[in-house]
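**Q** Going down the list, the sequences are from chains B and S. My numbering numbers the first residue of the first sequence as 66 and each following residue consecutively. My numbering numbers the first residue of the second sequence as 66 and each following residue consecutively.
I should point out that these hints are in silico values taken from the structure, not numbers from a laboratory. Built from N, CA and C at the ideal position, the CB exists for glycine as well. No false leads were mixed into what you were given.
Calculated from the model, a selection of chain B residues having no Cβ within reach of chain S, i.e. all distances over 12 angstroms:
1) G83
2) D101
3) S149
4) P163
5) S249
6) G261
7) H269
8) E373
To be clear about the criterion: a stretch of chain S counts as covered by chain B if any three or more of its residues have a C-beta under 8 angstroms from a C-beta of chain B, and this derived list gives those stretches:
9) 320-329
10) 336-345
Protein chains: 2
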Amino acid sequence: MPEHRTSRQVNLVSRPDGEPVESDFEVVEVEVGELDDGHVMVRNRFMSVDPYMRGRMNDAKSYVPPFAIGEALAGAAIGEVVESRSDDLAVGDHVVHPLGWREVALVPDSQAQRAPEIADVPLSAHLGVLGMPGLTAYAGLLEVASFAEGDAVFVSGAAGAVGSQVGQIARLKGASRVVGSAGSAAKIRHLIDDLGFDAAFDYHDGSLTRQLRDAAPDGIDVYFDNVGGDHLQAALHALTAGGRVALCGAISVYNDTEPAPGPGNLTLAIGKQLTLRGFIVSSYDHLREPFLDEVGGWIADGSLRYEETVVEGIERAPEAFIGMLAGANTGKMVVSL
Amino acid sequence: MPEHRTSRQVNLVSRPDGEPVESDFEVVEVEVGELDDGHVMVRNRFMSVDPYMRGRMNDAKSYVPPFAIGEALAGAAIGEVVESRSDDLAVGDHVVHPLGWREVALVPDSQAQRAPEIADVPLSAHLGVLGMPGLTAYAGLLEVASFAEGDAVFVSGAAGAVGSQVGQIARLKGASRVVGSAGSAAKIRHLIDDLGFDAAFDYHDGSLTRQLRDAAPDGIDVYFDNVGGDHLQAALHALTAGGRVALCGAISVYNDTEPAPGPGNLTLAIGKQLTLRGFIVSSYDHLREPFLDEVGGWIADGSLRYEETVVEGIERAPEAFIGMLAGANTGKMVVSL
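Full structure from sequences and hints, please.
**A** Quick look at the structure:
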């Protein structure tokens with residue numbers, strides 16, 4: 066039996082109560098099983114840890130069903146086809162697919178997407194800047210928030226995979242001002258010095274409303290919300306008439322065990338005629354082609370930068386996930402398998 | 066000096082602290098003054114009391130400046146031109162204008178709109194079903210919330226001027242289900258028996274989330290929010306994927322002295338891909354003509370009904386306003402002068 070016939074995977078042992086802890090997860094070795102017709106066997110090289118996965122760990126109705134206890138987690142991964150019973154995919158192809166959190170996956174070819182070859186871009190980028198987080202940033206800013214040249218843009222979680230790309234796309238598309246918030250002085254410097262943000266602040270440094278007013282004295286036209294909670298409240302204060310909010314994530318409350326109160330100033334949306342729109346990236350597949358063209362070009366010519374925080378080894382995937390929720394990453398957090 | 070050269074008006078004496086009380090207001094008699102070129106003198110017949118006026122009584126930045134202490138309040142009124150120095154308006158014309166809360170007003174003709182004559186419709190209807198509240202309902206449902214035939218619609222404050230019209234327009238435009246909330250058993254009966262709502266409930270009768278689920282077991286596609294607070298939270302639970310919310314008013318919090326917490330479940334908007342959009346009717350003047358055509362037609366053929374609660378005499382205007390905020394009205398609350 067070849068080496069890849071067994072695989073380590075990460076199972077969910079218990080549903081996290083608040084912040085996940087390592088004992089909520091277990092790394093086990095399993096038999097890979099038989100390859101069905103129309104499937105490929107993929108040796109995963111990188112797997113993604115993303116904020117939305119926290120929601121699937123609860124036993125709650127959401128837009129995706131919850132993870133099952135005692136079974137492997139799942140999420141985006143990129144790997145190499147090592148065996149194929151598909152007419153479309155061949156051994157050696159690199160594919161992105163939704164069966165991460167394991168070393169070897171049996172993937173129906175309908176769920177495996179061949180990763181376009183882009184010079185000087187590592188495989189892991191297909192989980193970040195050229196993957197789901199990248200498309201989330203692109204679609205959320207340009208379509209959900211209807212960004213237009215000259216808009217002042219605020220993005221929270223700005224040093225994360227999605228946020229860092231939102232700010233840069235806004236800059237490259239002619240924003241009048243790009244402001245971000247993040248959770249450390251080093252991240253703030255990174256946003257301003259490396260990514261070209263006009264201003265950035267650390268959300269630990271006191272009133273968000275005041276900090277945002279200082280960072281964007283003329284207000285903001287677009288808020289890209291990765292965080293929820295107090296950040297949304299501060300943004301509602303700062304938004305100008307006709308302003309738009311893309312509701313993308315709420316990482317500040319994902320670990321909450323009680324519902325957090327919503328923004329106490331939501332009624333400002335009436336007089337300012339604001340639009341708040343929630344979205345999930347799977348509804349924006351129609352933008353994948355322009356997204357890859359445009360962002361691929363910006364990466365190639367160096368005008369858009371991206372960072373990755375790479376954790377080595379499947380046994381450290383739970384640690385990577387827990388760290389990502391706490392802001393341990395700059396840019397996209399991935400696990401190398 | 067002719068009788069109309071003096072006028073009683075209602076001044077704001079003090080900014081209400083929470084619920085307004087009669088002593089916040091004062092009825093005084095004043096000289097009307099000289100009629101400038103381009104102005105008309107209007108003997109007001111009816112004045113409007115509307116929820117948004119509560120906001121203007123606070124000393125707070127809003128989309129309209131606050132009322133000044135010691136000066137007359139203002140708001141929509143309809144009256145008869147009794148003197149004219151305008152080329153466009155003649156003595157005897159009926160005009161709608163923004164200088165209510167007084168018996169006689171000197172109005173620039175640019176701010177006075179001739180009321181179209183519609184058979185069997187009283188003058189006061191131009192402050193309600195055919196006026197600003199009517200256009201608010203029409204624009205908010207059809208344009209802000211992008212209502213489409215087959216949508217299930219929930220409207221709060223459903224027995225009020227705006228709400229009662231929202232529900233009926235939804236019914237007449239082919240809603241699959243129309244649900245309303247209001248504050249008394251009599252209002253609930255009125256909504257179902259007189260206005261053709263499919264279901265309605267009294268917000269005093271326990272959990273709004275449960276009541277809304279019972280009233281709309283398959284969920285709602287559109288929520289027209291006149292109330293804010295808990296109603297919005299219940300609606301977020303009930304909204305289907307792609308649902309839309311028109312944020313029109315928040316009468317439940319207008320008298321609050323502390324900011325009320327927002328809906329604790331706003332993050333549902335992400336996964337359900339909801340759109341929440343605030344609006345003010347002054348941005349929807351472009352719909353006035355189709356609104357008057359369509360709603361005028363429905364009134365004429367009896368398919369749209371409207372109620373008015375009429376309070377007699379300017380000295381009772383503060384009482385009418387306070388009562389309207391507390392839900393004393395069914396349909397539009399007006400003061401006959």
